[in-house]
Amino acid sequence: MEFKEIAEGIPYELRSSVMERLVDILLRSPNATKVPSRLVWALLFDWKAKRLQEPEGLKNLLEAAILAEPEKTKAFFAQEPRLARYFKI
Amino acid sequence: MVKFGIEFVPNDVYWKTVWYAIQAEDLGFDNLWITDHFNNRNVYTTLAVTASFTERISLGPGVTNPYLIHPAVTAQAIASLSEIAPGRVVCGIGAGDRTTLQYLNIYQKEPLAAIREAIAIIRALTSGTSLELKGKVFDLSKGAKLNFKALNPIPIYIGAQGSKMLMLAGEIGDGVLINASSPKDVEEALLHVRAGALKSGRSLEDLDVAAYTSFSVAEDGKQAKSAAIPVVAFIVAGCPSRVLEHHGLSPQDGDLIRSFLSQGKFKDAFSRVTDEMIEAFSISGTPEECIEKMERLLRIGVTQFVVGSPIGRNVRRAIEIVGKEIIPRFKA
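Protein chains in written order, with my numbering: chain A, 1 to 89; chain B, 1001 to 1332.
A couple of the hints might just be wrong.
Below, simulated PhoX-like cross-link-like pairs (lysine-lysine); rule was C-alpha separation at most 20 Å, straight line [stated by the list, open to error]:
1) A:Lys48 with B:Lys1324
2) B:Lys1109 with B:Lys1145
3) B:Lys1293 with B:Lys1003
4) A:Lys74 with A:Lys59
5) A:Lys50 with B:Lys1324
6) A:Lys74 with A:Lys4
Here are a few chain B residues that sit away from chain A, every Cβ distance over 10 Å (derived from the structure) [said to hold, decoys possible]:
7) Ser1058
8) Leu1191
9) Gly1201
10) His1246
11) Pro1251
12) Arg1296
With the Cβ distance kept under 7 Å, some of the chain B side facing chain A (calculated, not the full set) [claimed, not checked]:
13) Phe1053
14) Ile1229
15) Arg1316
Quick caveat, the hints were computed from the structure, so don't treat them as lab data. Virtual Cβ for every residue (Gly too), placed ideally from N, Cα, C.
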């Protein structure tokens, strides 16, 4: 499944908590330099414009979190029953 | 009304600092200070990208020093920054952190003269004026001038802890960044700042008086205090004996912590930090505990409260706590 499909498929009522968790994973990651510049800049603009919960913003966030912390990100999705189907562990 | 500043140490990839800066601006902080040590990300690249993603928050080095970066280059940097963030640039300057400067064999020669001359250089050059100066520390006897000038006058804050530097801040600074967290230390500091202000025909009210604190907040007060330990260790290591004694602490404990830190034995150093040290050299605890200590600082004349390192174990959550639970108590 592509990041875009995953982001669009996340139920609206879950987007805030998903966003919070992904942001937390990213900001606490010691591997943040693995996130490429183009994605970082997109994220910063999304964060500034408060559109991280929109599908495009969530897509970027998810992609960045996977690059920085793949196991933590997948584990988070696996723990959420309504999201687990997106990451098959 | 009191202003709220926040300090970030750029010890992680640049965009995390930018992220926190956006968050801080959104939550009502007025000033953003980026620290300047050679072994962290560069202060001006951090400021430039942060300025690009913020709109209102004032920002600047907190603090640079005239030994690592020549004041003419500081003038160049902050004048350039003013083109990215017109009207929002401030400049904090101090004698620097001895612990890190010594790795480069840089020793703080004539700190009072260095700061006085540096500020003269920065003010002249950022205003587009040519300056000839043959000082004790800096030699611009051939004259120096930038090819451009800052878009707005840039307020200069002096970072200070010792009495003479505090006096100098009062005498020539637009603001002072008092490196202290306890009302006892800040109150004593203000005596010197006031004396310096009088020297130049000014009063304390002519300056922005900032308490540049070590700060740590969390819903769990114990966790907040624990997060403050590393920063407090460095503060204690850099403290003169009389300051430690003033707080009922032993200079020998300070010596021991300093010794461990200089040997890179951080665990040993941190294990020697006591609750009394945390109380004396930081504002840490639950939001209510922090508010109580902050109120005491504001009662004695502080006009800007700087939330300094570590901010909290979870920086994002801590900024949120300050923005949503603490700032509104003072800016209602």
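Hints and how they fare:
no. : hint                     : result
1   : A:Lys48 with B:Lys1324   : holds, 18 Å
2   : B:Lys1109 with B:Lys1145 : violated, 24 Å
3   : B:Lys1293 with B:Lys1003 : holds, 16 Å
4   : A:Lys74 with A:Lys59     : holds, 14 Å
5   : A:Lys50 with B:Lys1324   : holds, 17 Å
6   : A:Lys74 with A:Lys4      : holds, 16 Å
7   : Ser1058                  : holds, 18 Å
8   : Leu1191                  : holds, 41 Å
9   : Gly1201                  : holds, 44 Å
10  : His1246                  : holds, 38 Å
11  : Pro1251                  : holds, 37 Å
12  : Arg1296                  : holds, 32 Å
13  : Phe1053                  : holds, 6 Å
14  : Ile1229                  : violated, 19 Å
15  : Arg1316                  : holds, 6 Å
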